[in-house]
Amino acid sequence: MSGANRIAGAGRLTPARSLRFSFDGELYTGLEGDTLASALLANGVHLMGRSFKYHRPRGVLGAGSEEPNALMSIERDRSRRQPNVRATVQEVFEGMSAVSQNRWPSLAFDVGAVNNVLSPLFAAGFYYKTFMWPKRAWEKLYEPVIRGTAGLGVAPDESDTDHYSNRYTHCDVLVLGGGVCGLSAALAAAQSGASVMLCDEQAQFGGALAFETGIRVHNEDGFAWAAQTAQKLSAMDNVRILNRTTAFGYYAQNFVGLVERVTDHLADPDPALPRERLWQVRAKKVIIATGAIERPMVFANNDRPGIMLSSAARTYLNHYGVAVGTKVGVYTANDSAYEAAFDLKRQGVAVETIVDTRDAPGEGLLSTAADLGLEVLTGQSVTDTKGARRVSAMVVRPNGGGAARTIPVDALIMSAGWTPSVHMFSQSRGKVAFDASTQRFLPGDYVQDCVSVGACNGTDDMPAAIEEALAAGSNAARATGSKRSPKTKVSCEGAGNWSGGMSGAAAGAGPDTTVKAFIDFQNDVTAKDIRLAVREGMHSIEHVKRFTTNGMASDQGKTSNMHGLAIAAEALDREMPQVGLTTFRAPYTPVTFGSIVNHARGKLFDPTRRTPMHYWEEEHGAVFEDVGQWKRAWYYPRVGEDMHAAVNRECRTVREVAGLFDASTLGKIEVVGPDAARFLDLIYTNGWTKLKPGRCKYGIMLREDGFIYDDGVVARLAEDRFHVTTTTGGAPRVLNHMEDYLQTEFPDLDVWLTSTSEQWAVIAVQGPKAREIIAPLVEDIDLSGEAMPHMSAREGKICGVPTRLFRVSFTGEAGFEINVPADHGRAVWEAVWAQAEPLGACAYGTEAMHVLRAEKGFIIVGQDTDGTVTPDDAGLNWAIAKSKPDFVGIRGMKRPDLVAEGRKQLVGLKTRNPMTVLEEGAQIVADPNEAVPMTMLGHVTSSYWSENCGCSIAMALVANGRARRGETLYVPMPDRTIEVEVTGTVFFDEEGERVNG
Amino acid sequence: MADRNTALRAAPLDGRLVRSAHVEIVPADVASRIVLRARPEAIAPLSRALGVKLPEEPKTSAKAKASRLAGRIALWIGPDEWLVVDPNGADLMALCSKVKKLHSAVDVSHRNTAILVAGEAAQSVISAGCPQDLSPNIFPVGACSRTVLGKAEIVLVREDAHVFRVECWRSFSDYVFAFLADAARDAVI
Amino acid sequence: MLLIHCPYCKEDRPELEFSHAGEAHIVRPTNIAAIDDTAFEEMFFLRDNPKGLVYERWRHIHGCGRFFNAVRDTVSDRFLTTYKAGEPKPDPVRLSKGADVAKKGAAK
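Protein chains in written order, with the working numbering: chain A, 2 to 998; chain B, 36 to 224; chain C, 73 to 180.
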């Protein structure tokens, strides 16, 4: 038996298909198709959670995604634990484990419930006031305690083992909501030939037809019609129909985010399936058919387990075959609750009394009630309830005053009316408009190409709503280019009336009372809290919302917004539209991080770029460092070597023999056209027109503000062809910078730019034996110092493949950079290595490269410069062509601040103790005894141990630095002060003779 | 060990393959490629030299007509930019060098690599990371575009109803292939 | 994610293919080396950041690679038009009228 409260013959589930699940460790039996909520109710479990602030016992309020109370943690294993799942949406599966939240140590006995007793301390806005003093206590006491108790649910503590998928998709017509209107609209659009997507958050299509069993569509059961229509739509080639799929966000230009829950309902999901699939939909037209959400009545202690919306009770009965109680009370301001009472009674459930706060219910209801033997108390209100972990009685009073009557009940169902679900419309930036006659907000001005139909549009009458939906469907199809116009017809009868009702506090919970009448169950906001907010000066609903948290968080005010607004309006003595309505924000219901991240996890979090020689380097023991997305060989430790030893050996070997370095990541841009040199003249500070083909030059590029942007060696291959190199990190932005000037400032130049960064693998061979190493492999190029001096470039062949061979050096040694087409990179590297290794050369990594260039005082843009360094600051004035009339930065670098005295200039630093290595980033002062805060002269930009110099070396930006050469300065550290001497930036081979080999 | 006289060519995705019921993802064969930039007056002579009419409409490509040039394609990338791909290793740079009208040709044979995605789920797999509308009426056979796939830039060509060519830069190919493989785990069509 | 009409590709394309490139119609003086500090400050540093219509540059960086200009309303985040670099600045009066019409047309 799947629960004592299951009524034989009621509902649509199959009694034979039972399954077991656990809730807080207890085993229960449910039926296939049950939600967790329906299965627990079938087993008589009403207590499903504790409230957020007061830890009050709570049961289900609803039967769908509007549920504010029954939030559970669904746990498959430690890595797959999902908090804050609505029990009313989660389907049960065999072996499922659900755990309640927000309680300790157990749901039935919760220590936090003391907050309920202390509730006067926790009134709206309490944390703004209570935790102000003493100020110091915030960090040590208040924040840790609040953080410990705040939050809903517990996040998983292991990496998620599920996978998630994304699909961008486009359609003519997207229909949000698969109730009778959504299905009708989709059918009309699809039969007109439009491409259609239809989604619904429930497992089955039909929406309110799940409980509105009186409705017949095309002369058959409405819910059966919905299932058939969904089946018909899914068989059409131009339709994609998605159940268990929530439209959670409506963004600009009809861009709608849907999340499809693919496996959350399965006991043993196929690991091939993604857990969730994110659909990022761009629709030409959107039809919003999101229906309406029933409101609770606002009265004292309206939050006890067993008190729920009348539509929820009806859903549990008519769809799941579950009676929500054995003695059910009804409290309403609206006709639709009567239908629930009648259905319960007809299924043999004792319905104690219908309390209707109105004097005159809708036509025919009283006689039907009488026929069924139901007592109706009109003009009366429920003013309180009794019970601890479940409601045990309701207290009823006539509205005009009089004796209270206590009626024992074990469930109380209620309806204050229906709120059109304008969340999606509002998210689309549409402006809601207040309809005074029905006292509700409806879609007003549209901003995007969408239309609302049915209950969410305030169309209460179902046949009229269906007509509206059919018209919207065929209009949308026509507007998106469909030519066919078939007459899609959907007829219906037997629908109940959902209009009318009330918003705000009911009798007995008015301004003169201090009772706890909840409006926002999830955030524990009462009518009293709203009034307090108004008294404290919050006169805009946006302020009231933030002060009270009404309608915030994952709930987004689905059941509470209208009540909060009505109470605020009453307290302010204004009309509701004058107080305003808060914005409905995405997501409509919580969305998992997994579905947002989808494919971008692990290896796919970000591209990892590897050079053609990467795996050789890996095989030869390289340790890699991340440089942007690139993996670069950092150093190559041999057995017994730490990083320091390896780098020292590499640095020594390069200067004594030679080294091989993978420079493939350098950015490369091919600049081609008759105006190529003129263009480079404008982009670089240097002059290019006189550079002869076959020669290279070091260039500096500025931004318009006069600061250094990038640098690199440029080779002229022909009159109209340059091979430009950029820094590794600068490659994309430098190309963008050049394109920007070429396309928008200098569009008349005949020149084009093409990225060739990845066309060429680059093998730097540096050191005294560089020429000897490569000579046997090179054809067609004379490598002698006379034929191919420093800063020259030749095209020829190496190892039988084309090469662009540059005689350049970033180490100060004689050296070559061999460019070969990337797919040949590894083979050529191996051939070069075969020559180099017997001579005692080594492979060296980026760390040694950094040390070697620092020994020579070569800057690294981005390390020794930071976007505020001019060529003069960096000692690079020699690279500025004085005679050019224009280049980018020519004016910026003459700005007063950039030519002022006392700017920070790049200098060398040597520590007084040569063994001491400074920390990069350390500050430099003149007087180490000055009181804090000291006058800081600058900072260390690069610092290394130099094995070749036998001492530490550093570069620094120091105010007026060049004039301080020989001065002693200080670097204060936490534990000591380091004495340094200001030097030039070249520490090794100051005469620069070694490059000539 | 490489022969010093003929350095072997090693394409970045050699040996990779994904095959499922609905899609197959394989590296394309090595090819020669150039990026061609030209003023309008050079389009006709370049087309003649290459044996393929350089397309002038956005998002279109053209195939070489002559059977001896089978497989050579010219892809519209921008208003003065084409990517020309020849799967038979032709020297495209040499062909262009004969054209005197103003243009720029740059060899990118090794910069790019390509992946073929084929099968009834091919469009769906690419839609996992490409935000463009790839429906056959919007992105028909022969359509091509530079665009994005996840966090990488690609050039996408629809070679057939269910066959796409995905061109990307060499060092992004590992990411692009892995992305397509991950997308192919989800069999939605 | 916005859709942006690329005037070179002649098609609406997803925002992911584009990058923003600052205010449009700022002319770099041909005699830039000769302008005074105030003129340089005006040209390089000062931007309007208005509420309402902005003229801005975009680059179809992951598409055709072209820089182009756009008129966007910062209140509605709606693009009123896009046009090729070098084309004249569109008349704002004519554009905002067009926007009103578009808005009415969007409603049912």
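Be aware that one or more of the hints could be misleading.
To be verified - Here are the simulated lysine-lysine pairs, BS3-like style, with alpha carbons at most 25 Å apart:
no. : chain 1 : residue 1 : chain 2 : residue 2
1   : A       : LYS885    : A       : LYS691
2   : B       : LYS136    : A       : LYS693
3   : A       : LYS632    : A       : LYS604
4   : B       : LYS186    : B       : LYS136
5   : B       : LYS133    : A       : LYS798
6   : B       : LYS186    : A       : LYS632
7   : C       : LYS82     : A       : LYS432
As the list claims (entries may be wrong) - Here are a few chain C residues that sit away from chain A, every Cβ distance over 10 Å (derived from the structure):
no. : residue
8   : ASP109
9   : PRO122
10  : TYR155
11  : GLY158
Unchecked claim - Across the chosen pairs, the derived CB separations fall in these ranges:
no. : chain 1 : residue 1 : chain 2 : residue 2 : range
12  : A       : ASP222    : C       : GLY124    : 25 to 33 Å
13  : B       : ASN172    : A       : ASP607    : 51 to 59 Å
14  : C       : GLU95     : A       : PHE747    : 14 to 22 Å
15  : A       : PHE747    : B       : SER170    : 51 to 59 Å
16  : C       : GLU95     : A       : ASP269    : 40 to 48 Å
17  : A       : PHE747    : C       : ASP84     : 44 to 52 Å
Since the hints were made in silico from the structure, they are not lab data.
Glycine residues also receive a C-beta, built at the ideal position from the N, C-alpha and C atoms.
Each hint, compared with the structure:
no. : hint                              : result
1   : A:LYS885 <-> A:LYS691             : 12 Å, holds
2   : B:LYS136 <-> A:LYS693             : 24 Å, holds
3   : A:LYS632 <-> A:LYS604             : 13 Å, holds
4   : B:LYS186 <-> B:LYS136             : 37 Å, violated
5   : B:LYS133 <-> A:LYS798             : 23 Å, holds
6   : B:LYS186 <-> A:LYS632             : 17 Å, holds
7   : C:LYS82 <-> A:LYS432              : 32 Å, violated
8   : ASP109                            : 7 Å, violated
9   : PRO122                            : 20 Å, holds
10  : TYR155                            : 13 Å, holds
11  : GLY158                            : 7 Å, violated
12  : A:ASP222 <-> C:GLY124: 25 to 33 Å : 55 Å, violated
13  : B:ASN172 <-> A:ASP607: 51 to 59 Å : 34 Å, violated
14  : C:GLU95 <-> A:PHE747: 14 to 22 Å  : 19 Å, holds
15  : A:PHE747 <-> B:SER170: 51 to 59 Å : 40 Å, violated
16  : C:GLU95 <-> A:ASP269: 40 to 48 Å  : 58 Å, violated
17  : A:PHE747 <-> C:ASP84: 44 to 52 Å  : 30 Å, violated
The structure fails hints 4, 7, 8, 11, 12, 13, 15, 16, 17 (numbered hints given earlier, in ascending order).
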